Amino acid sequence: MGNLFSELKRRNVVRVGIAYIVIGWVVLQVGDVLFEMFETPTWVGKTLAAILLLGFPFVCLFAWAFELTPEGVKRTEEVDRSESITHSTGQKLNLVIIAALVIALGYFVWERQGLVEQGADVQLAAAVDKSIAVLPFVNMSSDEEQEWFVDGLTEEILNSLARTPDLLVASRTSSFQYKGRNEDISAIAKALGVAHILEGSVRRGGDRLRVTAQLIRASDGFHLWSETFDREPKDVIEIQENVAIEIANALKTAMDPEALKQMVSAGTASVAAYEAYLEGLAREGRSGATGNIEDYYSAFEAFGRALAADETFALAHWKQAIYWYSQLAVTQVGWGDTEIALEEIVANYGKSLDAAIANVENEAMGLKFRAAKADFEFRLVDSRDLLKRYLETYPHDIEGQQNLMSSFAEMTDFEGAAGYVDRFVDDSHDDPIQINALLNNILFAGHVDAAVGLARESVRRFPQHAFLAYQAHRVLLWAGHTEEAAALVDPLRRSEYPEDNILLVLIRQACAEGDREAAEVHFGKLEELVKDQPGTEYIGMMVLGRPNAAHQRLVERNLDNWALASFLIYPYFNHTYFPEMAAILERQAIDRDFIDVPPYACGAE
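Per the working numbering, the sequence shown starts with residue 1, numbered consecutively.
It is worth saying that the hints were derived from the structure and are not from the lab. Just so it is clear, the structure is predicted and the values come from calculations on it, not from any experiment. Where is the CB? At the ideal position from N, CA and C, for every residue including glycine. Mixed in with the good hints, there may be bad ones.
For each label pair, taking beta carbons as the anchor points, the in silico distance ranges come out as [unchecked claim]: (1) G304 x E499: 29 to 39 Å; (2) R494 x V381: 36 to 46 Å; (3) D591 x N548: 33 to 43 Å; (4) A49 x S186: 17 to 27 Å.
Dumping the calculated EDC-like pairs for lysine to aspartate or glutamate here, alpha-carbon to alpha-carbon at most 16 Å [unchecked claim]: (5) K525 x E556; (6) K179 x E147; (7) K252 x D129; (8) K252 x D166; (9) K388 x E363; (10) K351 x E377; (11) K531 x E556; (12) K130 x E343; (13) K190 x D129; (14) K234 x E199; (15) K531 x E499; (16) K531 x E580; (17) K388 x D354; (18) K234 x D207; (19) K130 x D166; (20) K130 x E311; (21) K388 x E361; (22) K525 x E513; (23) K234 x D310; (24) K351 x E311; (25) K179 x D207; (26) K190 x D220; (27) K46 x D32.
Generate coordinates for the entire structure from the input sequences, incorporating the hints supplied.
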């Protein structure tokens with residue numbers, strides 16, 4: 001038996017067999033690709049495989065019976081062993097085998113990569129298929145005052161769907177840009193990057209309320225679901241919940257019925273409270289889109305009316321808590337707009353948070369409220385961890401994402417932020433307001449490249465949004481793109497953006513270009529304008545390269561810890577100037593790695 005195998009090797013039968021198998025496999029793979037490309041019948045591929053398989057024993061027999069010599073192919077018996085060149089032929093066959101194996105390995109790697117990408121494409125397609133934009137419902141009532149109700153109902157349906165973890169919902173800002181515009185459904189879906197559109201109308205008169213809703217598949221215009229609810233106004237809560245549940249079921253979301261019902265629950269049984277809440281949502285949304293602060297105050301008042309009708313309405317308590325927070329945080333829009341004493345603001349914020357936590361029916365939703373309470377009590381690590389848990393259930397909640405990224409920035413936990421940046425950027429792509437908030441937080445959380453990419457894309461897609469240009473200007477300067485940032489200055493100056501922010505832009509640009517004299521002139525104007533705004537003044541002084549003076553000015557203002565905490569997000573905020581704040585951070589083992597000044601700051605005087 002050993003002699004037979006030795007003879008097989010000597011006559012190169014083994015090498016020929018191996019070469020045949022490897023080359024045959026490559027031929028089959030290439031043929032499979034070509035047959036698919038040319039749409040040949042399946043029998044062609046099967047025939048090729050059969051021929052190659054049947055040819056194997058004949059090739060081996062040929063290698064046994066014949067030998068390649070310098071004079072050509074001869075029968076093995078006719079070749080004298082002393083003149084045999086099977087060894088040389090064997091070396092050549094080895095090279096053929098190696099070359100064939102390299103080709104086979106290359107094809108295998110290419111095919112595997114294709115399968116991985118195909119799998120990713122399939123997963124992406126499945127994810128995108130579970131996507132929807134809720135267009136503003138049309139107000140069919142004769143009373144224009146019902147517009148607030150209709151917009152609020154639309155937004156609450158949107159919010160309910162957004163709470164479904166595996167459903168991607170286009171943002172309010174993106175959807176509401178189509179309000180009053182009669183455009184093609186497929187074009188809207190393509191622009192918003194969704195597979196489905198929900199549209200509808202509301203007619204309200206006397207004791208009747210008619211809500212019509214229809215879910216449309218954008219690819220072919222097919223109506224997956226539609227229904228008309230002809231009810232009394234007192235049934236509006238049930239209508240909203242039913243619409244959200246029907247849509248979630250139609251899109252085959254992975255939630256059991258009870259969990260889904262809890263997820264889309266309005267949170268109140270009071271129609272009066274719910275209608276006031278809807279008005280608050282509509283006014284709040286309009287304020288965010290236009291920058292009109294009066295709408296924001298009107299929203300706060302509407303949420304108050306909701307609580308007057310139902311004091312157990314957790315979401316209304318949460319909305320009021322957000323307002324009271326804006327009065328505590330120096331860096332928030334609206335700070336200082338009330339004459340209410342600090343002690344009362346603190347008490348109101350704490351009460352609103354406690355009421356939201358006590359009355360929320362959804363335990364997962366309560367995690368976000370508890371995170372805010374932990375932050376209010378300066379338990380920053382607890383707040384961060386609660387937000388992480390919250391986002392496990394509500395991964396697409398932009399408010400939760402912004403709060404978590406802000407938490408990472410406050411603690412300069414750049415490594416912790418790394419695991420979330422890409423997903424948060426993807427979720428914010430269609431909403432300029434969300435991008436605006438994330439730009440700050442991602443930049444300050446240490447991910448400059450991601451912030452630059454988002455800034456460039458947002459300016460390109462939303463050139464009319466001055467507040468985005470303002471944030472993009474800072475991001476570009478931070479990354480050293482001075483000339484690119486300069487291109488945003490004139491459009492900002494021509495916009496209706498607040499004068500103090502425009503002056504900050506001019507100071508930043510002048511310092512980045514090395515023109516301290518111009519920066520000082522702009523800062524002089526800023527000082528006159530913001531005497532009662534310590535946050536803006538502080539930023540201006542830091543950009544001028546005066547970190548010690550900037551922090552000393554904050555010390556002189558004797559700000560409370562809630563006000564100081566709002567500065568933690570800035571990577572150049574030096575908390576060591578404030579012993580109480582430093583002690584708070586030390587107790588939680590938070591070691592902030594702050595920088596001296598922004599990268600684009602003027603040089604030291």
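Hints and how they fare:
1. G304 x E499: 29 to 39 Å: holds (32 Å)
2. R494 x V381: 36 to 46 Å: holds (45 Å)
3. D591 x N548: 33 to 43 Å: violated (22 Å)
4. A49 x S186: 17 to 27 Å: Roughly 44 Å apart at Cβ, these two residues miss the hinted range, so it is violated.
5. K525 x E556: violated (21 Å)
6. K179 x E147: Given that 16 Å is the threshold and the Cα spacing comes to 11 Å, the pair holds.
7. K252 x D129: holds (10 Å)
8. K252 x D166: holds (10 Å)
9. K388 x E363: Satisfied, since the Cα-Cα distance of roughly 14 Å is no more than 16 Å.
10. K351 x E377: Roughly 13 Å between the alpha carbons, so the hint for K351 and E377 holds.
11. K531 x E556: holds (13 Å)
12. K130 x E343: violated (47 Å)
13. K190 x D129: Holds: K190 and D129 sit about 12 Å apart, inside 16 Å.
14. K234 x E199: Distance ~22 Å between K234 and E199 Cα, so the pair is violated.
15. K531 x E499: Given that 16 Å is the threshold and the Cα spacing comes to 14 Å, the pair holds.
16. K531 x E580: violated (25 Å)
17. K388 x D354: violated (20 Å)
18. K234 x D207: holds (9 Å)
19. K130 x D166: holds (7 Å)
20. K130 x E311: Roughly 36 Å between the alpha carbons, so the hint for K130 and E311 is violated.
21. K388 x E361: violated (20 Å)
22. K525 x E513: violated (19 Å)
23. K234 x D310: holds (15 Å)
24. K351 x E311: holds (12 Å)
25. K179 x D207: violated (27 Å)
26. K190 x D220: Holds, at about 12 Å.
27. K46 x D32: OK: K46 and D32 at ~10 Å, within 16 Å.
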